[in-house]
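These protein sequence lines map, in sequence, to chains A and B.
When we follow the working numbering, the leftmost residue of the first sequence carries the number 1, and every step to the right adds one.
When we follow the working numbering, the leftmost residue of the second sequence carries the number 1, and every step to the right adds one.
Don't read these hints as lab results, they were simulated from the structure.
You may find that some hints are simply not true.
Now the in silico label distances, taken between C-beta atoms and shown as ranges [to be verified]:
| hint | chain 1 | residue 1 | chain 2 | residue 2 | range |
| --- | --- | --- | --- | --- | --- |
| 1 | B | Asp17 | A | Gly53 | 48 to 58 Å |
| 2 | B | Thr78 | A | Gln17 | 28 to 38 Å |
| 3 | A | Ser51 | B | Arg51 | 42 to 52 Å |
| 4 | B | Glu5 | A | Glu95 | 35 to 45 Å |
| 5 | B | Val20 | A | Asp38 | 36 to 46 Å |
| 6 | A | Gln17 | B | Lys58 | 45 to 55 Å |
With a cut-off of at most 25 Å between alpha-carbon atoms, the simulated DSS-like pairs for lysine-lysine come out as follows [as the list claims (entries may be wrong)]:
| hint | chain 1 | residue 1 | chain 2 | residue 2 |
| --- | --- | --- | --- | --- |
| 7 | A | Lys71 | A | Lys57 |
| 8 | B | Lys57 | A | Lys9 |
| 9 | A | Lys71 | A | Lys14 |
| 10 | B | Lys42 | B | Lys71 |
| 11 | B | Lys58 | B | Lys71 |
| 12 | A | Lys9 | B | Lys58 |
We put the CB at the ideal spot given by N, CA and C, even for glycine.
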Amino acid sequence: NAGVTQTPKFQVLKTGQSMTLQCAQDMNHNSMYWYRQDPGMGLRLIYYSASEGTTDKGEVPNGYNVSRLNKREFSLRLESAAPSQTSVYFCASSEVAAVNEQYFGPGTRLTVT
Amino acid sequence: GENVEQHPSTLSVQEGDSAVIKCTYSDSASNYFPWYKQELGKRPQLIIDIRSNVGEKKDQRIAVTLNKTAKHFSLHITETQPEDSAVYFCAASKTSGTYKYIFGTGTRLKVLA
């Protein structure tokens, strides 16, 4: 089992460009999450999907959109990138929403210039 | 809103000594409290968790204690080793309502050889 995979690993964007971060899990988990990690700020939830067909905003959703494509895949889109979105992005999944272990992907380091 | 505070932000200990990291949470309905370890450049991984129906849980050199009345929980690492050096995150969540963790801001632990 690969667990949780993310692509790409690294990305550099210019202000105003758009991109989609991809995430997939092979553990048959119901719930999936997108976090961003900034120095001194911990892990902040951007969006989550408690189950296939549902998505909800987290703490910092502005500037992002998500799609739960199917049970395995959950993508994060930046429509018009800004320097404030420079961060490390982690996708995670869990068997049941919230009250179980979350398994994290390896992360995507995004720089917006 | 819901909040998790974590202290200290950095902690240095001599190899073999104990380390204690403390978190407080604001939502009295929280009933699941995981701890994650993140080594440099790696993804966060669960090291131990506790549910609200117990006050303490141990796993070898790691233990977590929970005081629901005071709304705080702590991570205890005994006989620290250099490989314990990492950033540790606490989190709180609940089975009803929103399906998400609230993470603390992290503690950077350095174990000095």
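Structure-based check of each hint:
Hint check: Asp17(B) to Gly53(A), Cβ distance near 50 Å, so the stated range 48 to 58 Å holds. For the hinted restraint 28 to 38 Å between Thr78(B) and Gln17(A), the CB-CB distance of approximately 49 Å leaves it violated. The hinted range of 42 to 52 Å is not satisfied by Ser51(A) and Arg51(B), whose Cβ atoms lie roughly 22 Å apart. Evaluation of the 35 to 45 Å hint for Glu5(B) and Glu95(A) yields a failure: the beta carbon distance comes to about 28 Å.
Between Val20(B) and Asp38(A) the beta carbons are some 26 Å apart, a value that contradicts the proposed interval 36 to 46 Å. At about 49 Å, the CB distance of Gln17(A) to Lys58(B) agrees with the hint of 45 to 55 Å. For the suggested pair Lys71(A) and Lys57(A), the alpha carbons sit about 18 Å apart, so the restraint of at most 25 Å is met. Distance hint between Lys57(B) and Lys9(A) is unfulfilled; the C-alpha atoms sit about 36 Å from each other, more than 25 Å.
Distance check on the hinted pair: Lys71(A) and Lys14(A) sit about 32 Å apart at the alpha-carbon level, beyond 25 Å; violated. Straight-line distance between C-alpha atoms of Lys42(B) and Lys71(B) comes to about 30 Å, which puts the hinted pair past the 25 Å bound. Taken as a hint, the Lys58(B) and Lys71(B) pair is honoured in the structure, with Cα atoms around 19 Å apart against an allowance of 25 Å. Between Lys9(A) and Lys58(B) the CA atoms are separated by roughly 35 Å; this puts the pair beyond 25 Å, and the hint is violated.
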